[in-house]
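There are 2 protein chains.
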Amino acid sequence: MLHYELLKTDGQARRGRLTLNHGTVETPIFMPVGTYGAVKAMSPRELEEIGARIILGNTFHLWLRPGTEVIKALGGLHGFNRWPHPILTDSGGFQVWSLGKLRKIEEHGVHFASPINGDRLLLTPEESMRIQHALNSDIAMVFDECTPYETDGQLTTQAEAAQSMQLSLRWARRSRDTFERLGQEQPTNNPGNGGGGKGTNGQNALFGIVQGGMFTDLRDESLAGLTTIGFEGFAIGGLSVGEPKEDMIRILNHVAPRLPQHKPRYLMGVGTPEDLVRGVAAGIDLFDCVLPTRNARNGWLFTRFGDLKLRNARWFSDPRPIDPGCGCYACAGGFSRAYIQHLQKVNEILGARLATIHNLYYYLTLMQEMRVAIETGTFQDFVKRFHTDRCRGIDGDDALGGND
Amino acid sequence: MLHYELLKTDGQARRGRLTLNHGTVETPIFMPVGTYGAVKAMSPRELEEIGARIILGNTFHLWLRPGTEVIKALGGLHGFNRWPHPILTDSGGFQVWSLGKLRKIEEHGVHFASPINGDRLLLTPEESMRIQHALNSDIAMVFDECTPYETDGQLTTQAEAAQSMQLSLRWARRSRDTFERLGQEQPTNNPGNGGGGKGTNGQNALFGIVQGGMFTDLRDESLAGLTTIGFEGFAIGGLSVGEPKEDMIRILNHVAPRLPQHKPRYLMGVGTPEDLVRGVAAGIDLFDCVLPTRNARNGWLFTRFGDLKLRNARWFSDPRPIDPGCGCYACAGGFSRAYIQHLQKVNEILGARLATIHNLYYYLTLMQEMRVAIETGTFQDFVKRFHTDRCRGIDGDDALGGND
Numbered sequence: 002m003l004h005y006e007l008l009k010t011d012g013q014a015r016r017g018r019l020t021l022n023h024g025t026v027e028t029p030i031f032m033p034v035g036t037y038g039a040v041k042a043m044s045p046r047e048l049e050e051i052g053a054r055i056i057l058g059n060t061f062h063l064w065l066r067p068g069t070e071v072i073k074a075l076g077g078l079h080g081f082n083r084w085p086h087p088i089l090t091d092s093g094g095f096q097v098w099s100l101g102k103l104r105k106i107e108e109h110g111v112h113f114a115s116p117i118n119g120d121r122l123l124l125t126p127e128e129s130m131r132i133q134h135a136l137n138s139d140i141a142m143v144f145d146e147c148t149p150y151e152t153d154g155q156l157t158t159q160a161e162a163a164q165s166m167q168l169s170l171r172w173a174r175r176s177r178d179t180f181e182r183l184g185q186e187q188p189t190n191n192p193g194n195g196g197g198g199k200g201t202n203g204q205n206a207l208f209g210i211v212q213g214g215m216f217t218d219l220r221d222e223s224l225a226g227l228t229t230i231g232f233e234g235f236a237i238g239g240l241s242v243g244e245p246k247e248d249m250i251r252i253l254n255h256v257a258p259r260l261p262q263h264k265p266r267y268l269m270g271v272g273t274p275e276d277l278v279r280g281v282a283a284g285i286d287l288f289d290c291v292l293p294t295r296n297a298r299n300g301w302l303f304t305r306f307g308d309l310k311l312r313n314a315r316w317f318s319d320p321r322p323i324d325p326g327c328g329c330y331a332c333a334g335g336f337s338r339a340y341i342q343h344l345q346k347v348n349e350i351l352g353a354r355l356a357t358i359h360n361l362y363y364y365l366t367l368m369q370e371m372r373v374a375i376e377t378g379t380f381q382d383f384v385k386r387f388h389t390d391r392c393r394g395i396d397g398d399d400a401l402g403g404n405d
Numbered sequence: 002m003l004h005y006e007l008l009k010t011d012g013q014a015r016r017g018r019l020t021l022n023h024g025t026v027e028t029p030i031f032m033p034v035g036t037y038g039a040v041k042a043m044s045p046r047e048l049e050e051i052g053a054r055i056i057l058g059n060t061f062h063l064w065l066r067p068g069t070e071v072i073k074a075l076g077g078l079h080g081f082n083r084w085p086h087p088i089l090t091d092s093g094g095f096q097v098w099s100l101g102k103l104r105k106i107e108e109h110g111v112h113f114a115s116p117i118n119g120d121r122l123l124l125t126p127e128e129s130m131r132i133q134h135a136l137n138s139d140i141a142m143v144f145d146e147c148t149p150y151e152t153d154g155q156l157t158t159q160a161e162a163a164q165s166m167q168l169s170l171r172w173a174r175r176s177r178d179t180f181e182r183l184g185q186e187q188p189t190n191n192p193g194n195g196g197g198g199k200g201t202n203g204q205n206a207l208f209g210i211v212q213g214g215m216f217t218d219l220r221d222e223s224l225a226g227l228t229t230i231g232f233e234g235f236a237i238g239g240l241s242v243g244e245p246k247e248d249m250i251r252i253l254n255h256v257a258p259r260l261p262q263h264k265p266r267y268l269m270g271v272g273t274p275e276d277l278v279r280g281v282a283a284g285i286d287l288f289d290c291v292l293p294t295r296n297a298r299n300g301w302l303f304t305r306f307g308d309l310k311l312r313n314a315r316w317f318s319d320p321r322p323i324d325p326g327c328g329c330y331a332c333a334g335g336f337s338r339a340y341i342q343h344l345q346k347v348n349e350i351l352g353a354r355l356a357t358i359h360n361l362y363y364y365l366t367l368m369q370e371m372r373v374a375i376e377t378g379t380f381q382d383f384v385k386r387f388h389t390d391r392c393r394g395i396d397g398d399d400a401l402g403g404n405d
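Sequences listed follow chains A and B, in order. For the first sequence, my numbering assigns the number 2 to the initial residue and increments by one for each residue that follows. For the second sequence, my numbering assigns the number 2 to the initial residue and increments by one for each residue that follows.
The set of hints was computed from the structure by calculation and includes no laboratory data. Errors might be hidden in some of the hints.
Given that identical chains are not distinguished, each listed pair holds provided it fits within a single copy or across any two copies.
Okay, derived cross-link-like pairs now, DMTMM-like style, lysine to aspartate or glutamate, Cα gap no bigger than 20 Å in a straight line [claimed, not checked]:
id : residue 1 : residue 2
1  : K310      : E275
2  : K9        : E127
3  : K385      : E275
4  : K246      : E186
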């Protein structure tokens, strides 16, 4: 099931509640990325503690390892990874597209060589739906082609972007059809499932993805086509693929307000804290990005007062936590910048863990603050304060030191 | 401070209570190894949850990275790694000895090239005491030379072992003297420290290490020499260095009962679950070993019913936890063998974490069971049941499957 309730708006920003087969999600929300079924360095318990309520799984990676059958046998992705709350899976489209010259895109689907063992593989809309059905994710995504920003240094032309978007629309139709057929033929064991079919309580949800590159009229055409097919939610794809930030903002601000008002809206693969605030301001409900987790492992920490590069020599003997005002286990637990820097330098797993806990806590707290701001009609004030705080900087001697 | 209370004996096995500056430790106990200040893959909170109450830190590693000064500035090792309970540090002697041809042992100390950057370094009894004093470990160890079992394929002769043991005795005297002097000159900030000096409440404890290779009369001579110097506890060193198991058992059973009755006894770097049971039976109170943590990361799991090699293909889709009867987060949390195998195969940090939690929980639970058995005077029964259970095997189809 998917039920989206729009609770409150503040400008374009939306405060909503998304009810899915495995639980309820307060929106806007950030979804930590669990590529191989685990959010890197985190346990399910820790994810719950920092306020995560929906995570993302990567269809492409899980299809290759350990494969669909074993996950299905263990009760779907929830049974496999012991995450009891909602899961969204991507379609694998972005990952095969990212293989570049190693893949060949045809009408039927994408041929590619497995990056694990070189096997020749084919991913199609139908196969992606079969995998996501076996994973039993609460939200599945249509299989699509991500329109590149440029190819071999040449900007994608409108004609190329249109061709790509049209292919994605045809794949969206095939995705929808297969998703429905699988729901009828192989009902999930979700609570309340009366036997499958769209609208049945136990049936999962399928989202369409708006493509069209940097061309607003193609974006409109894509959205119109997807709306005709019909989806439980809509995503904006093809952003954060190398385009200038102003193009990203232009497309976001054009598409987001045009998405159906009473369905959830998802901005895929975005982004920085600033991007999240910008996305919420434009009316986005769901975000995912590897940035907080990947950067954490590389010592790049996000805080209310700017980013902190933990491996900088200046923190070598600094006794302060990453952010003295933060409530995460790493900060409230009193682990110093000196200690976490040391752990990361000597490749101790705890170094990746503490940094990841902090970054995800920061992202999820930021979303929580935005939810409160929308509820109380103070989102504009929040945005101003957010930028002032973030620009203050944590790196200056007169920065966090003054807070101790 | 160090206060050891011998609560109960059952044969040679001892149930005791060790009170140190940072807390009380029920013995016999296993100490997880935190080489660089963190027990690999674990957080302090998780260590507490599985029942760890004392951990080991490696002087050699922490001296090289991040160095003594930064740890001292952050309040010693407890302040640095946020472990509020007791810590024992080794002396660095075993690590420099393990460098083999890269080090040169002289009367004054050990010259060696830093494995980090090639710097020429010198570790002496005095330097080791200075480092351990800065770390402020509850229990420091004397700097000693580990007598090799063999050198270039030749068994160590009694003359060689005697020479090595005598050097260790002279170093033990220098260690004791420096430890006392540092305690007087630079009192720790431990609660109850009236200004340092042996026997003062806030002063930490120093253990001597019995050496002498595979020769019982040299072991006796070493113990006699150490007893004359005087230590708060005694360790057996130079075992688990490549000798046959029967030699290890012979020396253990010879030395352990001869150690002072009313002081704690520590068997260094040992070992398997069977070794722990054997050690307790011989009267040992403290153990440390990298086996449970290192093996966990390589997919070797210890259970009551034998060891489980997690990466074996037979567990590929096995829905059972590592040990259905185990209460650790990995097992009681329902994480399947299939899932943890998958995590380890794709190098997910959570794979190392869950396996480490399980192995350490097993080790600490084994120690807890032995403490109860000694208290209730049923240690012999325990040992019989332990061996029966461990021999049953977890690998057979008729093994754990029957428990589900």
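Exercise for the section: Go through the numbered hints given earlier and state which of them the structure violates, listing their numbers in rising order. Expected result: Structure breaks hints 2 and 4.
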